[in-house]
Amino acid sequence: MDSIPPEEIPCAQQAIAVLWPSFIVAIVASGVFFSAFNPRDLIPYNLDIEISPLAAYSIGFFLFWLLALLSSLGTMYFTISNCRFLRKQGN
Amino acid sequence: MATIQASPGEPELYAAHKKIYPREVSGYFSRLRTVSLLALLGIYYVTPLLQWDGRQAILFDLPARKFYLFGLTLWPQDFIYLAALLILAGLALFFFTALLGRVWCGYACPQTVWTEAYLWMERKIEGNRGRRMKLDKAPYSAAKIRIKVLKHAVWIAFSLWTGFTFVAYFTPIDVLASELLSFNLGPWETFWILFYSFATYGNAGFMREQVCKYMCPYARFQSAMFDSDTLIVAYHPERGEPRGSRRRGVDPAEAGLGDCIDCNVCVQVCPTGIDIRDGLQYECIACSLCIDGCNEIMDKMSYPRDLIRYTTENSALGKRQHILRPRIIVYACILLLLCGLLVGHISQRVALDLDVIRDRNTLYRETRDGLIENVYTLKILNMDSRTHRYRLWAEGVDGLKLVVDEPDILVHAGTVQQLVVRLQADEQNLEARSVPVSFHLQAEDSNHLKAVEEARFVGPGKS
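Chains S and E, in that order, give the protein sequences. Terminal number for the first sequence in this note's numbering: 638, no gaps in between. Terminal number for the second sequence in this note's numbering: 448, no gaps in between.
Where hints are given, some of them may not hold.
[Unchecked claim] Far from chain E, by Cβ distances over 12 angstroms, these chain S residues were calculated:
#1 A559
#2 I563
#3 L566
#4 I571
#5 V575
#6 V579
#7 F581
#8 S582
#9 I590
#10 Y592
#11 L594
#12 L601
#13 I606
#14 G621
#15 T622
#16 F625
[What the hints assert, rightly or not] Derived Cβ-Cβ restraints for the label pairs, each shown as a range:
#17 L617/S with K285/E: 42 to 48 angstroms
#18 F609/S with N432/E: 44 to 50 angstroms
#19 I598/S with S423/E: 39 to 45 angstroms
#20 I596/S with D260/E: 55 to 61 angstroms
#21 I571/S with G325/E: 37 to 43 angstroms
#22 I571/S with L23/E: 23 to 29 angstroms
#23 G578/S with R290/E: 32 to 38 angstroms
#24 A417/E with D595/S: 34 to 40 angstroms
#25 H425/E with M623/S: 55 to 61 angstroms
#26 I571/S with P421/E: 52 to 58 angstroms
Source of the hints: derived by calculation from the structure; they are not laboratory data. Since we're looking at a predicted model, the values are computed, not measured. Think of the CB as a built atom: it goes at the ideal place given N, C-alpha and C, for glycine as much as any other residue.
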């Protein structure tokens, strides 16, 4: 796959390369995390937040997705900006 | 060093997408495939409708933190079973891949199942391959817009049904349906229905084979499970080549041709748009539609069938075929071992949990009769699907007395009950300042349902 110059990879495929693996990681992370912790116990007792369990799980899932997405984005950024192709071109 | 430009001969992994119009085909494998796809779709849409003991048979009740699988209720502490189940599924995939190749991709993967369903709807509305290609090339007209709108409307309706069914695995389907009919759906339920519908619509309607080619991790590593005895779909080049068109009735041997008439049917029926005659490719999902397509042509030409067929590398090369080989035996052994462990563990699982917390405010107190008394809070978790009455006793010190204020220890199915109990012992019988004691809990109607929990009994100590 290293035979394709990164800027020739269409935007949509770059987006999928970041969104998709992080989505899978977020599913696994939410499963492990919420089987150990009940979201009801996570809200500090002095905070008065009314939140349904489904909302808590959903928000948790999206937070995990966001975290994994940042990591995937970092990988993408570093591989593309440091790749041998660009160095060889003298960029 | 990596090459900078993709050489022209190399297949470009990220080439601009060309829409694939798979041609319809009928035959043995396509019928087998239809049966498998319909069965799987049926399982998906019917499962949430099944009832068990007055509740939904399979329900992942997130708010209550309980998973119901028919008679089994799983609690968060049983997460290990789900993890084991996933590992088992992975191993089963290894085993079947080594044995049967990509049978999962061709017959059972949700991506395949829903893509075929969407393709079927597309065929019913837009017509066969030729008509679909013509329609897409034609300029926009009232007729074209009407057909396209109809297709997307049907797709979207099917997607919404799929999304609704998905959420029904987490929220009971009767509750969900009545909420939907009274326009009272919760915001997150609405969101997840739309999210899943959108994913289905996108994956099955548009992305299709691109998911297999670019997004599927299994497609990338499945070749690691392959060996020379793995079942593959392959073209018979010795018989087929040199390929070429000919009139019917012409003897291929005289014309210097092989059996392949180069009609391209195998390419046209392929849902991933490859040419199986180029050899084994990672895009091939082993759906075997090219076998049916080619056999139809062979029949028309009165040539023997199976120019494209299921075979293995060894049998294609005329070597001996081994079904039982070390790889298969090792995968099967690990699979059976894990299966046995999981089934054994689940059958031994005690649907009862006891937690004992000593009262932290007072170490001990003396009763009017001169006995040393400790107070404990018991948490009894009945994980069974039935209500049970329990018998409780304590051991560890001679003449230990258990005082429970409630006459009956009754815990309803799937609930936690707190119970404050007192233990009393004669100071003479206490060997040390702190001695171990154990609480025993036993269901009255089942010998299997019992739990033991250790605790400490604190006294003044020997002076």
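Okay, the hints, checked on the actual structure:
no.	hint	in the structure
1	A559	violated, 9 angstroms
2	I563	violated, 6 angstroms
3	L566	violated, 10 angstroms
4	I571	violated, 8 angstroms
5	V575	violated, 9 angstroms
6	V579	violated, 8 angstroms
7	F581	violated, 8 angstroms
8	S582	violated, 4 angstroms
9	I590	holds, 15 angstroms
10	Y592	holds, 19 angstroms
11	L594	holds, 20 angstroms
12	L601	violated, 5 angstroms
13	I606	violated, 9 angstroms
14	G621	holds, 20 angstroms
15	T622	holds, 15 angstroms
16	F625	holds, 16 angstroms
17	L617/S with K285/E: 42 to 48 angstroms	violated, 58 angstroms
18	F609/S with N432/E: 44 to 50 angstroms	holds, 47 angstroms
19	I598/S with S423/E: 39 to 45 angstroms	holds, 40 angstroms
20	I596/S with D260/E: 55 to 61 angstroms	holds, 59 angstroms
21	I571/S with G325/E: 37 to 43 angstroms	violated, 29 angstroms
22	I571/S with L23/E: 23 to 29 angstroms	holds, 28 angstroms
23	G578/S with R290/E: 32 to 38 angstroms	violated, 48 angstroms
24	A417/E with D595/S: 34 to 40 angstroms	violated, 47 angstroms
25	H425/E with M623/S: 55 to 61 angstroms	holds, 58 angstroms
26	I571/S with P421/E: 52 to 58 angstroms	violated, 47 angstroms
When each numbered hint is compared with the structure, violations occur for hints 1, 2, 3, 4, 5, 6, 7, 8, 12, 13, 17, 21, 23, 24 and 26.
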